[in-house]
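Chain residues, written in single-letter form:
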Amino acid sequence: MRRNNKRQVRIKFLPVPAAGVIVLAVSVALSYWFMDSKSAQLGQEIRKYEQKYAALENERVREEARWNEKKTPEKLDRAMLQHGILMKYPKPEQIVRMDEKGRPVPGQLSLVKFQRIRNAGEHVAESAQ
Amino acid sequence: MEERGIQVRVWVVAAALLASLCGLGVRLGYLHLANHSKLKREYKRELLGLRGRIFDCNGDQFPMAVSLPARQYFLDPLAVKKTHDPKAIAKTVADALNLDPAEVLAKFSQTDSRYIKLGVSLDDRAFAMLADTKTISGIGSEELSVRSYPQKRRMSHVLGFVNNMGVGGAGIEQEFNDYLKGTPGLIKSEKDAGSVEIRNRRELDVPAIPGSDVYLTLDHNIQYVVEQEIKEVVEKFQAVSGWAIVQRVKTGAILAMASYPDFDPANYNDESSDVWRNNALAIVYEPGSIMKSLTVASALNEHLVTPNTMIDAGDGTWFYAGKPLHDHVTGVISVGTALKKSSNIACAKIGLMFKPQRLESYLRAFGIGEKLGLELPGEERGILPHVKDWSKLTQTRVPIGQGVAVTGLQMVNAYSTLANDGVMMKPHVVDKIVSFKGDVVFKAQPKVLGKPVSPEVARQVREMLIGVTEEGGTGKRATVSGYSVGGKTGTAQKAVPGGYSSTDYYASFVGFVPAHDPVFCVLVSVERPRPQHTGGFVSAPAFSKIAAATARYLEVPPDQPADADEEADAEQP
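In the order they appear, the protein sequences are chains A and B. Sequential numbering of the first sequence, starting at 1, is according to this note's numbering. Sequential numbering of the second sequence, starting at 1, is according to this note's numbering.
If we strip away everything but chain A, and leave its shape as in the complex, we get:
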């Protein structure tokens, strides 16, 4: 008697609804696992950016402090001295102060005029000696 080796054996071991529930549960679990991994990955990226931001912010604060230390009056004085620069305030007669309307403040020009007359007088006196 010949055996039919190609005969398919149909085994009904799980009801369709139960299989559906299992597939659904596995799908939910896989989705959860996927989303959790993705979330963790994004969290790590956020953490790295936060750290980078904090580091840059700290560096900005320190850099500002370094710059502030460089522009103190004594350091500016020293730097100018090194380069042979001597800065002085202008003489009073070199300054003309204006009021809000752009006119010279009263008294300024008369003061300069007085000074010039005095200087001229001294010059004449020196020449005469």
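Note that these hints are calculated values from the structure, not bench results. Be aware that one or more of the hints could be misleading.
Calculated lysine-lysine pairs in the DSS-like style (CA-CA distance at most 27 Å, straight line) [as the list claims (entries may be wrong)]:
hint, chain 1, residue 1, chain 2, residue 2
1, B, Lys443, B, Lys426
2, A, Lys88, B, Lys231
3, B, Lys81, B, Lys91
4, A, Lys88, B, Lys152
5, B, Lys231, A, Lys75
6, B, Lys432, A, Lys70
7, A, Lys88, B, Lys236
8, B, Lys44, A, Lys52
9, A, Lys52, B, Lys191
10, B, Lys134, B, Lys87
11, B, Lys152, A, Lys75
12, B, Lys371, B, Lys494
13, B, Lys432, A, Lys71
14, B, Lys341, B, Lys494
15, B, Lys231, B, Lys545
16, B, Lys476, B, Lys545
17, B, Lys392, B, Lys494
18, A, Lys91, B, Lys476
19, B, Lys44, A, Lys38
20, B, Lys545, A, Lys70
21, B, Lys476, B, Lys236
22, A, Lys70, B, Lys231
23, B, Lys231, A, Lys71
24, B, Lys107, B, Lys117
25, B, Lys451, B, Lys432
26, B, Lys371, B, Lys443
Given the structure of chain A, go ahead and fit chain B onto it with the hints provided.
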């Protein structure tokens, strides 16, 4: 039979798989949902709330104090792995923190402690170098902030310092600690096996709140000049100390306040606590002749004298209550001359014209013997005895600045009152306080403390004080090219137990510029100068330099022709 066997085996395998799956599911749910071992997984991190900054009156461009984020590194010798070489770790640590490798290596043998401080670094590269767990172990770090003073010793007595606990220990740092201190933030989350935060499990994220910024009325440029001058005068005259104040007369705002010797606020422990004291408001000393202006102003206001009232200064010695009072001025002189030449006898006699209660109340009205309420710790009230404790002699000595003790702040404020038409303003060093969000939480407004004398009397005294800096006056070294100057010299013997020192003096000069319409007032006092000791010789020149620089810096219009010497000087390259 065979089919049935296969079916049974499939069922068994399926059941086993299902059971495993269920087990995994339960375990997964348990791990995710159960609350167990939370303490082990808990991650907590405190965020640094940086202390607020302190700026001068020029605003954000010139911070005088800032807090910088840094890291404190420490060593736990017991946590060094056996596979790691301590020598190599010590070398890396020394390179990263600029330390001596031998010193660092020596700390590895101190196994009695698990927290040995190595150093503080502001550089994040050090953190990167020391965080390499493949070669380094036993090194830990924690965040902290370091208080930095970009201009080093500038304004040290005004700024104060912050102690190791992060609390202000002197000056503005102490007085405004509650505004300046930041509030730390907090992160609560979970950590993984490597103690790294699992960011998506963060439960709490409270950001740190930086402290508020304090803006001063002081100007670092004027302060620079004042500190240079006070240092120079103290060193030149081998004095114990010196102090100077520049104040705006119209508002009472302090533009500069310096004491010498000074200190570096970042390393305040390098100096003794005496040096931390702000002498300008904490040293109480007899003012000497600078008190005479207040006596004369009070007498004018009481109509006891006029500027032209003549007073007999005698032959240079006057006995009152059995005690002699000496004077270098002799003969009959006007009240104006009495101030110009600083006559002791004339001013003592003016003092006698008052009822004692009235004189005392005038001096108190000028702020003598009272705290002025400056926003700095350590302000003294001075000593002005109550009139019931006055002897007969007191009424002749207080008017010339003896038997009374003041602070520099009181004297500069009293002269600012004369310069401000008799209106006494409250001195202040803080202009505003701004929160980290930019909200102004405090803004100083000029405050009138009183009007001890009338505007006319103040003007008369100003005119008299101009004479002090003119030829024949005691303060002619205080002149400023291009500006009229009114002021007064003061030379007071230092009080010692049982009397007065014959060798130690306080030399002072206080005055205002321009004298006819004053903008600012300057006081310079020097403790125990040698060999010269008079206010006119020691302090007046320093006043002149400070006033000249301040007037030009503040762009005060000149009201006098410039000196020929000054012009020649300006011509030089």
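TODO: Taking the numbered hints from earlier one at a time, note which ones the structure violates and give those numbers from smallest to largest.
DONE: Violated hints: none at all, because every hint is consistent with the structure.
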